[in-house]
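*Asks:* These are the residues of each chain, in order.
Protein chains: 2
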Amino acid sequence: MRTRFDQQLEKLHVELIKMGSLCEQAITLAASSLEVQEENTLHKVAALESEVDAKEREIEDICMRLLLQQQPVARDLRVISAALKLISDLERIGDQAADISDLTPYIVNSSIASKVQIHDMAKATIDMVTKSIDAFVKNDLELAEKVIESDDIVDDLFNKIREELILEIQGKNNDPRAAIDILMAAKYFERIGDHAVNVAEWVQYSITGVHKSNEHHIADR
Amino acid sequence: MRTRFDQQLEKLHVELIKMGSLCEQAITLAASSLEVQEENTLHKVAALESEVDAKEREIEDICMRLLLQQQPVARDLRVISAALKLISDLERIGDQAADISDLTPYIVNSSIASKVQIHDMAKATIDMVTKSIDAFVKNDLELAEKVIESDDIVDDLFNKIREELILEIQGKNNDPRAAIDILMAAKYFERIGDHAVNVAEWVQYSITGVHKSNEHHIADR
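Those protein sequences? They're chains A and B, same order as listed. Be aware that the first sequence starts at 1, since it is given in the UniProt record's numbering, and climbs by one per residue. Be aware that the second sequence starts at 1, since it is given in the UniProt record's numbering, and climbs by one per residue.
Derived from the structure by calculation, the hints contain no laboratory data.
Note: identical chains are not told apart, hence a pair may lie in one copy or across any two.
In silico SDA-like cross-links for lysine to any residue, where the CA-CA straight-line distance does not exceed 25 Å:
| no. | residue 1 | residue 2 |
| --- | --- | --- |
| 1 | Lys11 | Leu141 |
| 2 | Lys212 | Arg65 |
| 3 | Lys138 | Gln70 |
| 4 | Lys212 | Ser50 |
| 5 | Lys212 | Pro72 |
| 6 | Lys11 | Met64 |
Given the structure is predicted, the values throughout are model-derived calculations rather than measurements.
Let the sequences and hints guide you as you build the complete structure.
*Replies:* See the structure below:
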């Protein structure tokens with residue numbers, strides 16, 4: 001028989017999946033906005049980002065109620081505090097997507113964006129975000145580790161794009177303004193990957209009770 | 001007569017001030033590392049960043065104990081949940097400082113760094129971090145608003161540096177690699193300012209019960 005805690009936990013999982021899907025939509029839209037000028041993309045992403053923020057508040061309330069009403073201990077307490085932490089990573093992912101879409105006006109008219117693998121970065125980071133939330137909902141330690149490993153793919157893509165853009169800048173009739181904004185966009189995607197790794201590390205913590213801090217943020221740079 | 005809650009809250013304040021001061025040290029060291037090559041700066045900042053992470057765990061435990069043992073409601077509950085949120089902003093500030101120091105090798109040998117106001121950005125962001133924690137400890141709504149307003153100074157400095165670097169790149173015998181890394185450093189400082197604003201917004205929430213989401217992240221870009 002399911003306890004009240006289990007019911008509230010299921011509600012938490014459902015809302016986390018929704019929050020994750022909002023992030024994925026925001027990343028996808030932001031990425032496409034870098035190549036194709038679309039009406040109101042900036043506003044669409046900003047709207048999604050507000051939805052992400054609202055969802056964070058909602059999930060926070062669920063977690064607080066769980067903490068105060070259910071007095072969880074041990075594993076259950078770790079699950080709730082992990083959820084409280086990972087939603088702030090998801091919220092930042094929404095911010096980063098909005099930051100990327102803000103760069104659109106300067107990038108979309110440049111030929112450079114299509115030359116670099118910005119979409120590969122988007123695809124890779126969306127995959128990381130989806131899997132990291134999956135790992136939490138399914139208590140899948142192996143999947144969490146996969147997410148952490150795949151951060152290297154995103155970091156490698158960033159470094160590759162960075163080198164390509166430096167060549168662009170050094171080349172004839174270069175467009176440093178566009179190149180720099182594309183680099184910023186790539187950096188935001190790399191950050192999204194870092195946040196997905198943070199989520200995966202919170203999953204590890206909720207399952208194992210051990211949190212391997214955020215050192216990878218440095219190690220990979 | 002002081003209650004057990006007040007005593008634990010005071011402990012929370014003390015640890016938050018320590019965490020803030022660790023962030024300030026990390027920012028200062030990271031900023032200086034961009035202009036003067038020093039032995040082990042990278043490791044010093046990385047060590048400070050680990051201390052920040054450890055302090056976050058410690059404060060998290062204090063907050064969880066407060067929530068579970070004291071069952072706070074209304075204002076008291078907001079104060080604890082605000083603390084739980086703002087420490088993840090402080091933790092990110094530690095990451096950003098480490099990210100800045102990681103850029104040192106590429107920047108320190110370039111003449112460009114000294115030409116831009118990286119140190120003004122460092123000074124401004126350190127000031128924001130200090131004030132935002134002060135505002136929390138002293139329940140100072142006015143000070144929190146000051147922090148939020150001063151984010152414009154940091155954003156303006158970033159845009160100014162950005163334009164200067166674009167000119168550098170376009171100029172003769174340019175060094176795009178160094179220019180791009182300095183731009184990244186400036187971006188990290190701008191992010192630190194954003195996180196200080198987040199802290200200030202959590203202070204507003206803990207006092208007023210209203211949280212004006214993170215829209216400024218977009219509005220300012």
